[in-house]
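**Student:** From first to last, the protein sequence lines stand for chains Z and A.
In this text, residue positions in the first sequence follow my numbering: the first is 29, and each later residue adds one.
In this text, residue positions in the second sequence follow my numbering: the first is 9, and each later residue adds one.
Hints are computed from structural coordinates only; laboratory data are not their basis.
C-beta atoms are modelled at their ideal positions from N, C-alpha and C, and glycine is treated no differently.
Take these hints with a grain of salt, some might be off.
Here are the simulated distance ranges between beta carbons [as the list claims (entries may be wrong)]: (1) Z:Gly100 <-> A:Arg179: 33 to 39 Å; (2) A:Asp78 <-> Z:Glu33: 39 to 45 Å; (3) A:His57 <-> Z:Arg50: 25 to 31 Å; (4) A:His57 <-> Z:Tyr57: 19 to 25 Å; (5) Z:Leu70 <-> A:Arg179: 21 to 27 Å; (6) A:Asn158 <-> Z:Leu70: 28 to 34 Å; (7) A:Ser41 <-> Z:Glu43: 37 to 43 Å; (8) Z:Met31 <-> A:Gly69: 22 to 28 Å; (9) A:Pro138 <-> Z:Leu70: 36 to 42 Å.
The residues making up each chain are set out below.
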Amino acid sequence: MKMDELVEEWEEEDEELRRLRRENADWEYIEKLPERVKAAILLYIDTGDLWRSAKLAGMKVEEFNELRIKAGILW
Amino acid sequence: MVNSHARLCVLDTCFLIDWVRYRHREALWRVFSVGILPSAVLDEVVSEHTISVLRDWLASGNVLIYPQTDELIRRAMSLIIDLRSDPRIPKLDLPEAVCIVIAKEYEATVLTENRGAIRAYQYAPERIRPASIMNALRLLIMMFREGVLNNTPQNILHEYEEDVKHRFSRREIDRVLREI
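Same shape as in the complex, but just chain A (with noise of 0.2 Å):
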């Protein structure tokens, strides 16, 4: 059982993937306390160095496994089928669903790079609460705000995009910066 004042979040796959390349990733865990892993990213893991930094942190207790179930995917199914009746909504895909499926039975946020779920989120947010949705970008500057990376958010982004080679788009910094 999880504690219900831990702050917790879902790893998607594209979001972990990502991450783990980072060279601050362990200040995740002074924003969240528990990340859980839905089975099926880690059946989308394949490189040794991100297989060894999920040891560590299965190890150390930060992350738990979270299995893949038919119930887990039937509930998945009619998130997708519920948000698709309204045709603005973006569309989400499975894997993103069962995150928020996850997220939304324990109030976690799920952490994505994925832009169908975070728009969906942005645009009704009522139908994904109480799960929220993140993704690396608002995570920094959300850790720069609460003084978890000390750096200027330049700065913050740029180590960010060296490491994983992602980079994000100028107009979306442009908006998070305003919206966080």
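Bound conformation, chain Z alone (with noise of 0.2 Å):
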């Protein structure tokens, strides 16, 4: 495969992941979840980056992960 076309299928690759993360999330469980937080699930809905989200909640990666999952959360 081409680099332009693996590109290509990278970013609608990350599209679909965004879709299904906003689509299936929890959001009464989110929208009640404090502010610091509640960013950071929003940053991983937005990117599915954990360490990133992790440290944006001042978590550890494995709690925020317990996080993602109660938030329904599963891409």
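The two chains are supplied separately, each in an independent frame; assemble them into the complex guided by the hints.
**Tutor:** Right, here's the structure in full:
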């Protein structure tokens, strides 16, 4: 596969995952979270980046991962 | 000193915390002889289950802890800066860069779920080698192909997704099945 095609496929894949995270998230649960943690969950929904999101939340990565699952974000 | 014939992996946090939930997690040691665990990764682990699995792996000698040093951080930062000189290469963060620096030293495979790291390797493998980078999806398909896991690829991936509560992109599954 050519690099341009690969990059295009990555962009489509990112968009698909972002949509799945947004659509499947438990927004009622997320709305009740403290502001900093909520911001981190929103970052995760946008990027899928666990480490950056955990650090924004002020949490260990595994702790944040548990939160991700509780928030119904499986992608 | 690590045996030069050993098949080594470096465990990144995002991979490790998923993989320890997987029912066939011990199959990892049928592919790799030693897993290198950067101490910064260990610092990100909190659950009793993960600690318990790591305790067993440390006791059996499957896993060894790699200390974080100023030199390691300096080399990881240099790698990040080097890769950012080409804007087309996906961006790395420090944790994955640390894993890659260790893996380059020992010609090991970094196991990570970080998309930036996996894509950087796909885009510019010559900047990452002699290390290689894989996520659980690629590892599971490789385990299927090598006969380590005896099931259909569909069932293997379904079991993994059920156990770890992390789903793969369907597009990525199709691509990896073509790649490997």
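**Student:** Each hint needs a verdict: does it hold in this structure or not?
**Tutor:** The hints, checked one at a time:
1. Under the hint 33 to 39 Å, the C-beta atoms of glycine 100 (chain Z) and arginine 179 (chain A), about 21 Å apart, miss the expected range.
2. In this structure the hint that aspartate 78 (chain A) and glutamate 33 (chain Z) lie 39 to 45 Å apart at CB holds, the actual value being about 41 Å.
3. Checked against the hint of 25 to 31 Å, the pair histidine 57 (chain A) and arginine 50 (chain Z) passes, with Cβ atoms roughly 29 Å apart.
4. About 23 Å separates the C-beta atoms of histidine 57 (chain A) and tyrosine 57 (chain Z), a value consistent with the hinted range of 19 to 25 Å.
5. The hinted window of 21 to 27 Å between leucine 70 (chain Z) and arginine 179 (chain A) holds, with their beta carbons roughly 24 Å apart.
6. Our hint of 28 to 34 Å for asparagine 158 (chain A) and leucine 70 (chain Z) is violated, since their Cβ atoms are close to 41 Å apart.
7. Taking the beta carbon of each, serine 41 (chain A) and glutamate 43 (chain Z) are about 39 Å apart, inside 37 to 43 Å as hinted.
8. For the pair methionine 31 (chain Z) and glycine 69 (chain A), the supplied restraint of 22 to 28 Å is violated, since their beta-carbon distance comes to about 41 Å.
9. As the Cβ distance of proline 138 (chain A) to leucine 70 (chain Z) is approximately 38 Å, the hint placing it in 36 to 42 Å holds.
Going down the numbered hints, you'll see the structure goes against 1, 6, 8, while the others check out.
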